[in-house]
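Trainee: So you can see what is in the structure, the chains are spelled out below.
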Amino acid sequence: MDAIANIKKENITNLAIEGKRADERDLKEYRELKIIPNYIKKAEGSAYVELGGTKVIVGVKYDIGTPFPDIPNEGVMTTSAELPPMASPEFESGPPGEDAIELARVVDRGIRESKSLDTAKLCIKPGELVRIVFVDIQVLDDDGNLLDASGIGAITALKCAKMVVYDDDGNPTDKIEPLPLRKVPVTCTIAKIGGQLLVDPQKDEEKVMDTRITVTTDEDGNIVAMQKGESGSFKLGEVMEAVRLATVKGQENREKILKAIEEVSD
Amino acid sequence: MDAIANIKKENITNLAIEGKRADERDLKEYRELKIIPNYIKKAEGSAYVELGGTKVIVGVKYDIGTPFPDIPNEGVMTTSAELPPMASPEFESGPPGEDAIELARVVDRGIRESKSLDTAKLCIKPGELVRIVFVDIQVLDDDGNLLDASGIGAITALKCAKMVVYDDDGNPTDKIEPLPLRKVPVTCTIAKIGGQLLVDPQKDEEKVMDTRITVTTDEDGNIVAMQKGESGSFKLGEVMEAVRLATVKGQENREKILKAIEEVSD
Amino acid sequence: MDAIANIKKENITNLAIEGKRADERDLKEYRELKIIPNYIKKAEGSAYVELGGTKVIVGVKYDIGTPFPDIPNEGVMTTSAELPPMASPEFESGPPGEDAIELARVVDRGIRESKSLDTAKLCIKPGELVRIVFVDIQVLDDDGNLLDASGIGAITALKCAKMVVYDDDGNPTDKIEPLPLRKVPVTCTIAKIGGQLLVDPQKDEEKVMDTRITVTTDEDGNIVAMQKGESGSFKLGEVMEAVRLATVKGQENREKILKAIEEVSD
Amino acid sequence: MTRCDGRKKNELRDVKMEVGVLKRADGSAYIEWGNNKIFAGVYGPKEVIPRFLARNDRAYLRCKYSMTPFSVEERKRPGPDRRSVEIGKVTTGALAPAILLENYPNSMIEILIDVMQADAGTRCAGITAATLALVDAGIPMRGLVSACAAGKVDDEIVLDLCKEEDNLGQADIPLAILSRTEEITLLQMDGIMTENEVEEALGLAIEGCKSVYQMQMDALKTKYGD
Amino acid sequence: MTRCDGRKKNELRDVKMEVGVLKRADGSAYIEWGNNKIFAGVYGPKEVIPRFLARNDRAYLRCKYSMTPFSVEERKRPGPDRRSVEIGKVTTGALAPAILLENYPNSMIEILIDVMQADAGTRCAGITAATLALVDAGIPMRGLVSACAAGKVDDEIVLDLCKEEDNLGQADIPLAILSRTEEITLLQMDGIMTENEVEEALGLAIEGCKSVYQMQMDALKTKYGD
Amino acid sequence: MTRCDGRKKNELRDVKMEVGVLKRADGSAYIEWGNNKIFAGVYGPKEVIPRFLARNDRAYLRCKYSMTPFSVEERKRPGPDRRSVEIGKVTTGALAPAILLENYPNSMIEILIDVMQADAGTRCAGITAATLALVDAGIPMRGLVSACAAGKVDDEIVLDLCKEEDNLGQADIPLAILSRTEEITLLQMDGIMTENEVEEALGLAIEGCKSVYQMQMDALKTKYGD
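In the order they appear, the protein sequences are chains S, G, A, F, L and W. So for the first sequence, my numbering puts the first residue at 226; every next one is plus one. So for the second sequence, my numbering puts the first residue at 226; every next one is plus one. So for the third sequence, my numbering puts the first residue at 226; every next one is plus one. So for the fourth sequence, my numbering puts the first residue at 2; every next one is plus one. So for the fifth sequence, my numbering puts the first residue at 2; every next one is plus one. So for the sixth sequence, my numbering puts the first residue at 2; every next one is plus one.
Hints are not guaranteed to be accurate.
What the hints assert, rightly or not - With a straight-line Cα cutoff of 30 angstroms, these simulated DSS-like cross-link-like pairs (lysine-lysine) come out:
1) Lys428(S) to Lys9(F)
2) Lys266(G) to Lys224(W)
3) Lys65(W) to Lys24(W)
4) Lys346(A) to Lys224(W)
5) Lys267(A) to Lys24(L)
6) Lys408(G) to Lys266(G)
7) Lys65(L) to Lys259(A)
8) Lys65(W) to Lys428(G)
9) Lys460(A) to Lys65(W)
10) Lys224(W) to Lys384(G)
11) Lys47(W) to Lys267(G)
12) Lys24(L) to Lys259(A)
13) Lys24(W) to Lys10(W)
14) Lys387(A) to Lys267(A)
15) Lys47(L) to Lys384(A)
16) Lys47(F) to Lys387(S)
17) Lys432(A) to Lys164(L)
Simulated from the structure, these hints should not be mistaken for lab results.
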């Protein structure tokens with residue numbers, strides 16, 4: 226780490242200790258959240274999400290396939306993510322980087338573990354045909370906290386996704402219905418800087434943070450997924466504080482998601 | 226670019242401006258073209274092509290597969306190319322380089338867009354079985370203008386390819402017939418050096434050329450594909466001059482192709 | 226090669242010329258061989274093998290698949306190997322390295338060419354269903370002579386592997402039977418150092434050896450596979466001496482394999 | 002002749018451009034062109050990785066074109082396919098003549114064109130947006146590159162084919178020009194055309210490029226003022 | 002409550018550890034934890050390849066987690082899958098805080114965790130073994146990292162889920178701590194839990210980690226004496 | 002005994018060799034051996050990429066063996082398969098002893114063997130052609146490497162199996178020797194043979210290699226004169 230980076234780290238850390246942030250937010254405050262549901266017409270469901278300077282588009286598409294042998298009556302959801310190159314040099318050939326994989330898997334886990342998606346209803350013909358739901362996350366701009374922007378984008382895209390109804394013989398009908406979603410799980414990411422917990426870290430904060438934790442909660446106050454990310458460590462008390470924060474902030478963002486969807490469906 | 230390369234560029238450019246070339250060809254003249262049809266006995270059709278120092282072998286093989294759902298009554302053609310390593314250092318792992326992909330796609334496009342191959346006749350059993358035609362280009366030696374050598378090789382190999390006739394039940398018979406080709410599209414590549422248009426650029430010319438254009442034409446005087454390649458630019462008038470040149474030169478090379486095939490089928 | 230490596234090479238070579246080895250073994254003597262059959266319970270058959278400091282685990286698993294069209298009544302065996310990184314730096318992305326591929330293919334060839342595995346008995350339903358036998362070699366520690374440790378591990382794992390019996394309709398029954406093995410082929414690897422032949426080269430010997438040869442023999446005294454490895458050369462007489470050595474040493478190790486299996490099946 | 006979306010023969014689809022939309026890119030732009038939605042980001046000049054690609058007399062330019070899985074009717078598998086690789090290559094060739102690459106030896110300029118929603122004409126839209134992103138990145142240029150296609154539909158030469166026209170059309174010529182000099186830096190063609198039709202289509206496409214150029218200038222003025 | 006394998010709520014499965022088991026690794030360890038059988042090897046500090054990953058203020062740490070094809074019920078294809086990549090990443094994050102990476106600028110420490118037989122809890126077992134391998138490699142550390150999971154089965158919070166409990170369970174929290182200070186360096190969770198359940202599970206898992214720590218110390222003493 | 006193509010027990014198939022057939026390679030050769038048609042090209046000595054493969058006491062030698070998709074009965078997918086990788090490796094081992102690699106430290110010599118049409122015996126034919134290409138490239142060598150196989154068909158030991166014999170045969174031994182000293186640099190074997198049969202086959206193959214050597218010398222003389 227060079228000299229300038231060290232000074233930056235010191236500044237951000239000192240601010241955090243005083244309960245302040247470079248963009249004048251409160252430690253427990255999200256940046257402005259902008260959600261545009263149904264942004265991509267070619268997708269069955271989609272969302273454009275801006276979280277401060279972070280921009281993400283999530284699209285939901287279907288395919289028809291055969292079920293896994295051990296769950297013959299259930300459809301499948303699969304999530305993947307693409308990141309743009311950083312400004313810093315990096316190697317680019319080869320398989321998707323581990324950051325993109327972690328991003329996709331944490332978002333996926335939050336939705337999956339909440340049992341939000343009723344995979345039994347994705348079955349078209351038991352043992353033969355099921356829907357495969359693809360959730361694809363395209364990161365446009367990473368100004369920090371990709372996890373929450375992507376998580377919010379994914380659940381919004383799923384929530385407004387439509388699917389064709391199939392008849393009992395496995396043939397498509399003219400009818401269309403929403404994807405069977407039972408819950409709206411929301412991820413909330415909290416960084417630790419100078420012993421303080423900050424929600425929704427901005428990119429410069431991510432660069433200097435000690436560590437971070439992502440907690441996904443549902444509307445019933447359950448915790449459905451957690452992921453401590455990167456290096457560094459938390460004390461037990463800090464984890465529990467983060468869990469409580471995530472429940473509160475998750476609820477706030479859940480309301481914004483539902484409101485955004487409601488507005489477009491009017 | 227080092228000093229020697231600069232001098233080379235200057236020499237070739239000055240020659241071109243005077244209407245001359247290092248190998249004493251006319252600007253509008255191809256190098257010697259040698260075509261050996263049916264060079265590879267294990268292929269259903271094949272051709273060895275020498276264009277000056279450039280050497281290419283193209284082989285055609287079939288496989289039987291299922292049709293694409295949106296064109297259930299049509300077979301499929303797919304083209305790929307392999308290039309040898311250059312004398313200059315280059316990275317070699319990873320997927321086929323973009324030069325090989327462009328080469329294969331430009332050759333493929335010329336044949337495909339001319340509607341030469343009657344893909345409906347490649348169907349064996351509608352919706353179930355179709356022929357998949359593989360056109361594989363192996364470049365042995367790149368002394369410039371791989372595109373034309375490969376394009377000539379591909380149409381020659383297709384033109385002399387045989388296929389087994391299938392009966393109505395989708396079973397192979399003893400009968401053999403030629404591949405259903407309706408046209409003989411020929412690619413013609415033209416380089417721009419010092420404001421002059423030169424057909425069939427040799428390797429040293431390619432290294433110093435401003436840009437190049439490849440035009441594929443059929444025997445009816447139609448243009449069926451074009452590709453401006455590499456960096457640099459053309460004026461509109463130059464493009465039209467190239468189109469006219471390509472029509473004339475394409476016809477000359479078409480006659481050589483047909484003559485070569487005729488000789489081996491005697 | 227640096228100075229220390231050169232001194233090491235000289236020492237080992239001088240020792241070999243005197244008929245001695247750094248670990249005081251005879252030139253024709255294997256290191257201690259420890260075999261634990263059925264080491265991995267999740268595998269259908271497995272073996273942990275220690276050959277001096279070299280440690281390998283081989284596991285056998287099945288899958289059910291369709292036969293190759295040209296051998297509709299035969300199952301398939303496929304072998305692969307994973308190597309740990311060396312202490313020395315190496316590039317790691319990309320496809321499995323050529324050392325791992327050679328290792329897997331030489332082990333595979335010894336078993337396959339001996340006709341040990343009765344692939345016809347791996348057929349479940351002719352033309353439709355056959356067993357696919359996967360032999361996976363995991364190298365834990367490479368202290369030289371991976372080929373023999375892996376070969377011994379593979380035949381041991383196959384020898385103690387069980388398979389479910391299928392009825393005539395292609396349905397699994399409750400019955401279990403051993404994998405149909407007719408022979409116990411054993412590989413024996415011999416290094417050439419300073420004009421001497423040394424069986425079972427240790428890692429330091431491998432680093433300085435001129436060349437090596439691997440000979441697989443069966444219990445009937447047949448040679449079923451050979452592979453000269455790496456650079457360097459053998460004289461004809463040396464090859465024949467290696468063949469005779471391998472027959473003797475192979476028989477010794479075969480008895481150890483059978484004894485180890487017998488002990489666990491008691 | 003009436004076109005399926007009611008446009009005139011020489012009429013572009015609706016085009017919207019915005020400069021400087023991405024924070025983490027050194028330069029960026031967004032374009033909506035008909036139903037196409039495309040982002041372009043410029044990263045660099047930066048260190049060349051892997052290093053052997055570095056040239057000591059100019060910057061190494063690489064354009065990557067990619068489509069999101071949800072940008073097309075049938076979900077596209079993530080990762081580069083052969084079509085994307087080719088478009089990346091011809092896009093590099095279309096933009097390189099406009100960039101003063103010789104100003105940045107031993108460095109690399111990377112351009113990412115990400116198609117969020119695809120209608121016909123993504124490569125022209127992408128080149129147009131990438132040019133704006135290059136300006137936004139402060140990379141010195143000889144002029145703007147403006148792109149537009151012309152094609153043949155129902156035996157008529159028309160400008161800027163939409164998806165329906167592209168599917169049913171007889172030929173398509175994507176074109177890019179250095180607008181200041183009308184030099185052609187991208188030219189591809191597929192389909193069947195006579196020489197005269199090619200000439201007419203090229204002329205029409207050049208006019209289209211000039212309209213695109215005006216919109217590019219407007220977008221730059223909106224961002225940077227006059 | 003009775004657990005399927007008869008353990009008490011706060012009881013670990015049988016665990017066996019051995020330090021220094023591989024000759025070619027710079028440090029190594031083997032762990033059997035229930036039916037898990039896992040090797041960990043440390044390679045380095047060594048040259049960074051590819052070089053652009055080198056950092057001038059600390060070592061580059063990379064953990065690779067992989068399962069052999071025969072380690073699980075259905076044969077797993079060789080090579081990394083997405084789950085393995087994620088576990089490798091969180092394992093790196095779990096171990097990094099314990100290692101004095103700043104002692105080895107411009108070099109690389111590579112940790113390989115190879116699962117020979119998998120039951121539930123491979124990532125915790127792997128982190129525990131990797132810590133021993135780091136000590137065995139002589140790499141200076143701030144303390145040992147000890148890992149253990151707690152979860153929810155039949156509405157009860159229990160320690161160290163075995164495979165059957167994991168399959169049927171309601172939630173699982175793999176945890177790793179720097180045992181000296183009880184700082185948490187790995188924390189993941191899936192399933193459904195209330196806040197109180199999370200707190201109870203974390204407390205239980207920390208106690209489990211402490212037991213694991215004692216076993217790690219014993220294994221080191223067996224190898225190196227007191 | 003009669004062989005399916007009428008050859009005698011110790012008779013090679015027809016072999017044709019030509020040196021210096023490729024312009025862009027630093028050295029090259031073409032061989033027709035029975036129905037095999039194979040090109041070999043030598044590229045280098047040149048810069049080592051990636052650089053960490055460079056050795057400071059000798060050149061890094063890499064042989065790549067590949068078959069075109071149309072070289073065999075059923076179309077082969079382009080790109081390296083495991084068989085090709087192994088043949089590349091043993092070919093490297095067969096040629097390395099003949100090359101003065103120590104003359105070119107920190108550089109790389111790359112040999113490409115491209116099989117256009119495959120009958121049995123491609124690896125021997127490829128090694129034979131690659132040796133000619135090395136001479137053509139002016140790379141100093143200790144002697145020529147000449148290759149030929151012998152095998153067992155219908156319980157008889159015969160030289161140089163053709164495709165039909167290879168398919169039905171009982172064993173095959175591809176061999177390469179440094180012809181000057183008869184040192185064996187390539188030796189593989191599959192099938193079932195007794196010790197005596199191995200010895201007979203090796204003797205026969207060495208005689209075959211010597212005939213191949215004469216043809217290599219003739220091809221070089223044709224190219225370079227006496």
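Trainee: Of the numbered hints stated earlier in the document, which are not met by this structure?
Mentor: 1, 4, 10, 11, 13, 15, 16, 17
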